[in-house]
Amino acid sequence: VQLQASGGGLVQVGGTLRLSCAASGSTFVSNDMGWYRQAPGKQRELVASITRAGSRNYADSVKGRSTISRDGSKNMVYLQMNSLQPEDTAVYYCNARDYYSGVEYWGKGTQVTVSS
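Each residue of the sequence shown is one higher than the one before, starting from 1 at the first, in the working numbering.
Please note that the accuracy of each hint is not assured.
[As the list claims (entries may be wrong)] Pairs of lysine to aspartate or glutamate residues, derived as EDC-like cross-links and limited to a Cα-Cα distance of at most 16 Å, are as follows:
id, residue 1, residue 2
1, LYS63, GLU45
2, LYS63, GLU87
3, LYS42, GLU87
These are computed hints drawn from the structure, not numbers from a lab.
Produce the complete structure using the sequences and hints provided.
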């Protein structure tokens with residue numbers, strides 16, 4: 001599976017961004033998908049995930065202001081982030097996990113910077 005994340009950038013506090021992840025090379029429908037982020041000096045953490053069936057899970061830090069979605073017809077996963085805060089600044093990574101094998105795939109990250 002190849003994953004290509006895009007949509008990051010520089011945004012002011014309170015702004016919005018939509019991250020996109022294009023998946024190719026495998027059967028998209030068999031993958032659980034997720035967004036992770038890693039801030040400088042910190043461990044990579046889960047931001048949001050969505051299963052094959054569409055069940056969503058969010059980190060407490062983004063719950064209520066972020067939405068993860070997937071489009072099977074386009075092999076795309078999205079992360080809509082609203083009310084961005086400086087603590088959201090990080091490199092965001094797209095993740096795919098094959099439901100049957102458990103193998104995980106990572107894309108190159110996209111930088112999100114929130115300025116105050």
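Comparing the hints with the structure gives:
Simply put, LYS63 and GLU45 have alpha-carbon atoms about 14 Å apart, close enough for the 16 Å limit, and the pair holds. Restraint check for LYS63 and GLU87: satisfied, since their Cα atoms lie roughly 14 Å apart, inside the 16 Å limit. With a CA separation close to 12 Å, the supplied pair LYS42 and GLU87 stays within the 16 Å bound.
Comparing the model with each earlier hint shows no violations; every hint is respected.
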